[in-house]
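Keeping the supplied structure of chain A fixed, place chain B upon it in accordance with the hints.
Protein chains in written order, with the numbering used here: chain A, 1 to 185; chain B, 1001 to 1185.
Incorrect hints may appear among the rest.
[To be verified] If you want a taste of the chain B side facing chain A, the calculated C-beta under 7 Å gives, among others:
1) Arg1038
2) Gly1041
3) Ser1043
4) Asp1044
5) Arg1060
6) Tyr1164
7) Ala1174
8) Glu1183
Quick caveat, the hints were computed from the structure, so don't treat them as lab data.
Glycine included, C-beta positions come from ideal geometry on N, C-alpha and C.
Protein chains: 2
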Amino acid sequence: MRRFAAALLHHPILDRQGGTVTTAITNLDLHDIARSARTFGVSDFFVVHPIAAQRELAERVREHWMTGSGSRRIPDRTPALEIVRVVSSLEQALAELGGDAEIWTTSARVRPASISHAEARARLETDGRPVLLVFGTGWGLAEAVHERSHAHLFPVRSAVSDGYNHLSVRAAAAILFDRLRGEAR
Amino acid sequence: MRRFAAALLHHPILDRQGGTVTTAITNLDLHDIARSARTFGVSDFFVVHPIAAQRELAERVREHWMTGSGSRRIPDRTPALEIVRVVSSLEQALAELGGDAEIWTTSARVRPASISHAEARARLETDGRPVLLVFGTGWGLAEAVHERSHAHLFPVRSAVSDGYNHLSVRAAAAILFDRLRGEAR
Chain A
1 MRRFAAALLH HPILDRQGGT VTTAITNLDL HDIARSARTF GVSDFFVVHP
51 IAAQRELAER VREHWMTGSG SRRIPDRTPA LEIVRVVSSL EQALAELGGD
101 AEIWTTSARV RPASISHAEA RARLETDGRP VLLVFGTGWG LAEAVHERSH
151 AHLFPVRSAV SDGYNHLSVR AAAAILFDRL RGEAR
Chain B
1001 MRRFAAALLH HPILDRQGGT VTTAITNLDL HDIARSARTF GVSDFFVVHP
1051 IAAQRELAER VREHWMTGSG SRRIPDRTPA LEIVRVVSSL EQALAELGGD
1101 AEIWTTSARV RPASISHAEA RARLETDGRP VLLVFGTGWG LAEAVHERSH
1151 AHLFPVRSAV SDGYNHLSVR AAAAILFDRL RGEAR
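Pulled out of the complex, with its shape left as it was, chain A reads as follows (with noise of 0.2 Å):
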């Protein structure tokens, strides 16, 4: 079984009309990603964001859970801060990696030969090199993110869709890791 890593970009990131913008960190995607991602295996959960004062906003989120107030309130959320990494680019997220790792990217879109969750499940069953998941924020990766990738993975859809696909990021890593490394129906 492959390491499985994620990362959650803030940076180069898609804004509402397609330019390519830095997204402000949301306190809450820290911990609720990092809740889901431990409860799944997840080995490392990156926060990527280039700008210092934003990474020590989120180191010090991160402290709040692992040795602050917040770990005395809610211990059960200090294992899930345990496996976070706050890193200025997905370049040092692939070095704390090892260097070999290969980047697997993910957006509501369906881009040309995208592997579904079943042939992802598979390949992270194997033996082989750690696997970066790659989430964006805002309206999503920017190309140059996907264009670097070894593999992008099928949208999340729904069975039932009226055509309405708006899942946050909190929610589409949840569903993703679930399908990737939840228990087998």
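Below, chain B without anything else, positioned relative to chain A:
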């Protein structure tokens, strides 16, 4: 296919010590769970709170995304918030579904006579009474809610767990909607 609705209860809820309490509304629960619910074809998302001031808060959040500045900034949220119904009790939610809905409860623990997610999915695909899937806040639904339920769903679990299982209610709801109504694998 049966009508499938969801409810988020704030009373009666367990606290850390097992006492019965009323929890406060978390703004983000409303739009996160509403977006997941709408994406997976859930007909109604009831936000259930016995305190009028808390219901007014929930209504203000709803209006912000329905007709306020939020609806102009991020119009994608409007269809999700359209299915939110702010009510004072589980009875009121059941009445709005026509009075004959089945209550299905969720929790993070295995309970006697729980049904699998595959079984729940199959039951939803038949014709029959509406189903109201009930989620707790805090440390979960009080026993009184489980006692009146028609079915109890198995908890969401990982295939590779180290024993840690502390999903947020937002993540648990997203995963259960996907398991019950997601695109077949």
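Worksheet item: Can we keep the Glu1183 of chain B interface hint, with Cβ of chain A closer than 7 Å?
Response: Since chain A brings a Cβ to about 5 Å from Glu1183 of chain B, closer than 7 Å, the hint holds.
Worksheet item: How about Ser1043 of chain B: closest beta carbon in chain A under 7 Å, or not?
Response: violated, 10 Å
Item to complete: Grab the minimum C-beta distance from Arg1060 of chain B to chain A and call the hint holds if it beats 7 Å, violated otherwise.
Response: violated, 19 Å
Item to complete: With chain A as the partner, please determine if Asp1044 of chain B meets the hint condition of a C-beta pair closer than 7 Å.
Response: Asp1044 of chain B check fails; min Cβ-Cβ to chain A is 14 Å, beyond 7 Å.
Worksheet item: Does the nearest C-beta of chain A fall within a distance shorter than 7 Å of the C-beta of Tyr1164 of chain B?
Response: holds, 5 Å
Fill in: Hint check: 7 Å Cβ-Cβ cutoff, Ala1174 of chain B to chain A
OK, holds: Ala1174 of chain B within 7 Å of chain A, min 4 Å.
Discussion item. Can you verify the interface hint for Gly1041 of chain B: is its Cβ closer than 7 Å to any Cβ in chain A?
Written reply: holds, 4 Å
Discussion item. A closest beta-carbon separation below 7 Å is what the hint needs, so does Arg1038 of chain B meet it against chain A?
Written reply: Result: holds, 5 Å to nearest chain A Cβ.
The structure is inconsistent with the numbered hints 3, 4 and 5, although it conforms to all the rest.
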